[in-house]
Amino acid sequence: GAGVSQTPSNKVTEKGKYVELRCDPISGHTALYWYRQSLGQGPEFLIYFQGTGAADDSGLPNDRFFAVRPEGSVSTLKIQRTERGDSAVYLCASSSPGQWGRTDTQYFGPGTRLTVL
Amino acid sequence: GDSVTQMEGPVTLSEEAFLTINCTYTATGYPSLFWYVQYPGEGLQLLLKATKADDKGSNKGFEATYRKETTSFHLEKGSVQVSDSAVYFCALSDRDFGNEKLTFGTGTRLTIIP
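Chains as they are written, first to last, in our numbering: chain A, 1 to 117; chain B, 118 to 231.
No lab work stands behind these hints, which were simulated from the structure alone.
All of these numbers come straight from a predicted model, not from anything done at the bench.
Among these hints, one or two may not hold up.
As the list claims (entries may be wrong) - Taking lysine to aspartate or glutamate pairs in the DMTMM-like style, the calculated list, with each CA pair at most 20 Å apart, reads: (1) K166(B) / D56(A); (2) K169(B) / D201(B); (3) K194(B) / D211(B); (4) K173(B) / E159(B); (5) K11(A) / E159(B); (6) K166(B) / E132(B).
As the list claims (entries may be wrong) - Quick list of simulated restraints, FRET-style, between CB atoms: (7) G126(B) / R113(A): 47 to 53 Å; (8) Q162(B) / V74(A): 19 to 25 Å; (9) S175(B) / S9(A): 30 to 36 Å; (10) T129(B) / F66(A): 41 to 47 Å; (11) E14(A) / T129(B): 37 to 43 Å; (12) S96(A) / Y147(B): 37 to 43 Å; (13) R64(A) / G118(B): 18 to 24 Å; (14) K78(A) / A134(B): 32 to 38 Å; (15) K169(B) / G40(A): 28 to 34 Å; (16) G3(A) / G126(B): 22 to 28 Å; (17) A2(A) / Q198(B): 26 to 32 Å; (18) S131(B) / G3(A): 46 to 52 Å.
We put the CB at the ideal spot given by N, CA and C, even for glycine.
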């Protein structure tokens with residue numbers, strides 16, 4: 001079946017601009033995660049959704065970053081007033097409900113490479 | 118907070134060599150442990166996982182054992198192939214009901230030469 005998809009695959013923008021990154025999870029997956037991967041580093045957690053609500057946004061670096069998931073499926077990560085330091089690959093992952101309240105394996109999308117000039 | 122420390126790369130081995138990539142962790146709870154792999158041009162994929170002490174995860178000839186006493190989850194393979202060339206990430210998920218956010222190490226780039 002279809003995996004996690006992310007659009008666009010590449011985004012180049014200028015400092016100060018606003019960007020939106022989209023994630024389409026695997027159908028039926030209620031949990032959705034955003035991560036950011038800087039060059040030469042492992043992914044870092046940004047935000048976790050369970051259904052429509054952001055259950056944990058503790059990884060968002062500052063208030064320029066915001067994410068929504070209005071219908072419990074597609075999610076959009078929004079970055080205002082982009083800075084050069086925001087350049088990274090933004091990864092989305094989804095997982096299905098597991099047993100005993102645990103969620104199952106996270107499946108990752110291919111990522112969106114954001115470059116801020 | 119939680120953290121993962123893994124062997125720095127890059128690692129270059131000849132085909133059929135034995136592979137070990139070290140991984141140690143720090144966690145406040147009782148985490149699940151994972152190895153993810155990123156092949157060239159592809160997304161992150163789960164390679165194997167273990168959810169409790171002394172569990173051994175295995176897949177594609179790779180193995181890792183959850184060692185609580187040494188807080189380690191070292192990745193091993195007895196005979197590597199050129200197709201194993203990739204970046205390998207050790208990760209943990211601390212058990213916070215429903216929220217399985219992953220904490221990753223910095224990754225180890227593995228290159229296998231024929």
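Query - Status of the given 32 to 38 Å range, CB of A134(B) versus CB of K78(A) - result: violated, 46 Å
Requested in this report: Determine whether the Cβ-Cβ distance between E14(A) and T129(B) falls within the hinted range of 37 to 43 Å.
Outcome: holds, 39 Å
Report task. Given the hint of 22 to 28 Å, check if G3(A) and G126(B) actually sit that far apart at their C-beta atoms. Result -> Since the Cβ atoms of G3(A) and G126(B) sit about 27 Å apart, the hinted range of 22 to 28 Å holds.
Report task. Would you check the hint for K166(B) and E132(B), treating anything up to 20 Å between C-alpha atoms as holding? Result -> violated, 25 Å
Report task. Could you grab the alpha-carbon distance between K166(B) and D56(A) and see if it respects the 20 Å cut-off? Result -> violated, 23 Å
Query raised in the report: Is the straight-line distance between the alpha-carbon of K169(B) and that of D201(B) 20 Å or less?
Result: violated, 26 Å
Report task. Take a look at whether the Cβ-Cβ distance between Q162(B) and V74(A) falls inside 19 to 25 Å. Result -> For V74(A) against Q162(B), whose Cβ atoms are near 22 Å apart, the range 19 to 25 Å holds.
Query raised in the report: Okay, S131(B) versus G3(A) on CB: inside 46 to 52 Å?
Result: violated, 33 Å
Requested in this report: Mind checking the hinted window 30 to 36 Å against the Cβ distance between S175(B) and S9(A)?
Outcome: Because 33 Å falls inside the window, the suggested range holds.
Query raised in the report: Taken at face value, is the distance from the CA of E159(B) to the CA of K173(B) at most 20 Å?
Result: Roughly 26 Å between the alpha carbons, so the hint for K173(B) and E159(B) is violated.
Query raised in the report: How does the Cβ-Cβ distance of R64(A) and G118(B) compare with 18 to 24 Å: does it lie in that range?
Result: At 23 Å between Cβs, range holds.
**Report entry** 20 Å limit on alpha-carbon distance, applied to hinted pair K11(A) and E159(B)
**Finding:** holds, 18 Å
The structure does not agree with the numbered hints 1, 2, 3, 4, 6, 7, 12, 14 and 18 stated previously, though it agrees with the rest.
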